[in-house]
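*Asks:* Sequences and hints are given; from them, build the entire structure.
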Amino acid sequence: MQIKFEEVKADYQLGPIRTRNVIDDVSVHIESGTFTAVIGQTGAGKSSLLKLINGLLSPSTGLIQVGDIQLTRAPEKEQLNKVRKRVGMVFQFPENQLFAETVEADIAFGPRNFGFDQEQINRSVKESLDQVGLSSDILNRSPFSLSGGQQRRVALAGVLATKPDVLVLDEPGAGLDPEGKKQILSLIKQLNMKEHMTVLIVTHDMNDVAEYTDHVLIMEQGKVICHQATRSFFNQYQQLTDFGLDLPDVIYLQQQIEQKKGIKLPKVSLTKEELIDLLIEEQHL
Amino acid sequence: MEQYPILSVDNIFYRYDLRDEKYVLSDTSFDVMRGQWLAIVGGNGSGKSTLARLIVGLASPESGSIQFNQEEVNEQNKQRLREKIGIVFQNPDNQFIGTTVQDDVAFGLENLNIQYPEMKQRVFTALKQVGMYELRDKDPSQLSGGQKQRVAIASVLALKPELVIFDEAFIMLDPKSRRELLKLLKSLQKQNHLTIISITHDYNETVLADQVMVLNDGRVVDQGSVRAVYNRNKDLEPPFAEQFRRELMRKGFSIPDHYMSNDELVAWLCK
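Line by line, the protein sequences are chains D and L.
Residue numbers for the first sequence follow the working numbering, so the first one is 1 and each next one is one higher.
Residue numbers for the second sequence follow the working numbering, so the first one is 1001 and each next one is one higher.
Hints were generated in silico from the structure; no laboratory data involved.
Honestly, I wouldn't trust all of these hints.
Pairs of lysine-lysine residues, derived as DSSO-like cross-links and limited to a Cα-Cα distance of at most 27 Å, are as follows [as the list claims (entries may be wrong)]:
#1 L:K1176 with D:K264
#2 L:K1251 with D:K189
#3 L:K1251 with D:K182
To give an idea of the interface, some chain L residues facing chain D are shown, with a C-beta separation under 7 Å as derived from the structure [what the hints assert, rightly or not]:
#4 G1045
#5 K1176
#6 H1201
#7 E1237
#8 F1240
#9 F1244
#10 L1269
#11 C1270
Model, not experiment: these values are computed from the prediction.
Where a beta carbon is used, it is the ideal one built from N, C-alpha and C, also for glycine.
*Replies:* Laid out in structure tokens, this is it:
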């Protein structure tokens, strides 16, 4: 499901004092089935951008299109309901939102609210649990008895159970140990590849950007200052410094090898395997 | 320099509730020498943060002892000892008190009855060190996550503690500010003999440590140099260079089978 922003401005209006636009004239086209990393400093508008996609924040001017649903200033309730069924949102530390007595009840909460019948609910609970790689023995356990990584997967299952076409996640790996983080990100990648979900994640970690995503969207002070395919973005890695970003570890290593040997490899590697293959091809190994 | 450790944790046991069968920490013992940087690693729920809380006296072990400068931490002296031990938590949001950044850093100093001129000097130095001096008149609540974390770190540094514990205190920072702060801490460790305990999942942080301790399920399963610990614990996520070395070995290259730092790896690849 594709997402289009057309000249969108948005802010959080609290009382008579208007804040500056947290989203300031954004026009961007996110293609169906892509996996986009949203990066930028804190306060750049990353989370606000995600909230616009599922109608938690409405534009003050401009238009947002999610598939064939259109969102404008003061959208109708019907439109909001529609878009929220299509866009699954996973907030930062989503395990804090677990509330039910059992894992099953927690996951079933979303689909039930969206009017699934009991049979559909049962099926979607099972399917989503399967998608996040948890076994059905935990269905009757309290979500609070699970480990942090498992809790996060249950929270994700709760979102997947509503069968969204678009998944937006705010720092899905934050606070997890390396193993837990790897699992959750590979899982999201699989959903993107196998189920063709359109995915947007907010992240600070350039290694994850290189390893998992296919598009990069950089925000600065409410504006989108760069939207590129991940590979071509890293190909011009000199620009990362201009944006105040770090190189992924693998590019940093490639750069050090190039400097020390006084060579220039023909392309930029985004994974360990790629760098090894490249070194073999160019007969440096 | 003294021969005794600045911190000595001896055989402590701890559980949240006496009715629990499972201990969060069991039979945990280790020493930290003055001026040393100890990184504590381990999975979620391995007891790392609980250990930090016990060291600063926010909770007491069920048995065993914690000694700071050869003095056992107890109810009577923990206030006094805490003046020498700083801790920075993961989320700085809940620890702001002042209406401006500089007031906030000064708060801890006021509590210690530091004279005004010295207080001013210490606030200035600490804010300069973390790169927040320009924003000293800002309201802390309007700062970004990373800036807040820096103010929290400045507040602790201004107290001139002998030991600082960072409990995943850098995760909200963007990579560039994180690198700058780690560099600052390394220089404080060298120049002022600051003792540092950093609880972390980030290998960029562990490589700076003199010692790495591995906690698993509330027990110390290993302690040693970065090199030794990653050599012995293959299930820990190692620094990137070591990951790369293992990948090369797996693919059958005749690379030496021991831990390699980034520089060593680059040297081997370019030989």
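*Asks:* Does the closest beta carbon of chain D sit nearer than 7 Å to the beta carbon of F1240 (chain L)?
*Replies:* With a minimum Cβ separation of about 4 Å from chain D (threshold 7 Å), the hint on F1240 (chain L) holds.
*Asks:* Checking hints one by one. Is E1237 (chain L) an interface residue toward chain D, by the C-beta closer than 7 Å rule?
*Replies:* Where the cut-off is 7 Å and the nearest Cβ of chain D is about 4 Å from E1237 (chain L), the hint holds.
*Asks:* Check the hint pairing K1251 (chain L) with K182 (chain D) against an upper bound of 27 Å on the C-alpha distance.
*Replies:* holds (22 Å)
*Asks:* Using the nearest Cβ pair, does F1244 (chain L) come within less than 7 Å of chain D?
*Replies:* Constraint on F1244 (chain L) satisfied, holds at 5 Å.
*Asks:* Quick one, is the C1270 (chain L) hint okay against chain D at 7 Å, beta carbons?
*Replies:* holds (5 Å)
*Asks:* Report holds or violated for the interface hint on G1045 (chain L), using the least CB-CB distance to chain D and a cut-off of 7 Å.
*Replies:* holds (6 Å)
*Asks:* Going straight from one Cα to the other, do K1176 (chain L) and K264 (chain D) come out at no more than 27 Å?
*Replies:* Satisfied, since the Cα-Cα distance of roughly 26 Å is no more than 27 Å.
*Asks:* Does K189 (chain D) sit within 27 Å of K1251 (chain L), going by the straight-line distance between their CA atoms?
*Replies:* Roughly 25 Å between the alpha carbons, so the hint for K1251 (chain L) and K189 (chain D) holds.
*Asks:* Return the status of the interface hint for L1269 (chain L): holds when the least beta-carbon distance to chain D is below 7 Å, violated otherwise.
*Replies:* The hint holds - L1269 (chain L) has a Cβ within 7 Å of chain D, the shortest such distance being about 6 Å.
*Asks:* Hint H1201 (chain L) vs chain D: min CB-CB distance below 7 Å?
*Replies:* Holds - the Cβ of H1201 (chain L) comes within 7 Å of chain D, reaching about 5 Å at its closest.
*Asks:* Interface hint check: K1176 (chain L), Cβ to nearest Cβ on chain D, cutoff 7 Å. Holds or violated?
*Replies:* holds (6 Å)
In summary, this structure violates none of the numbered hints.
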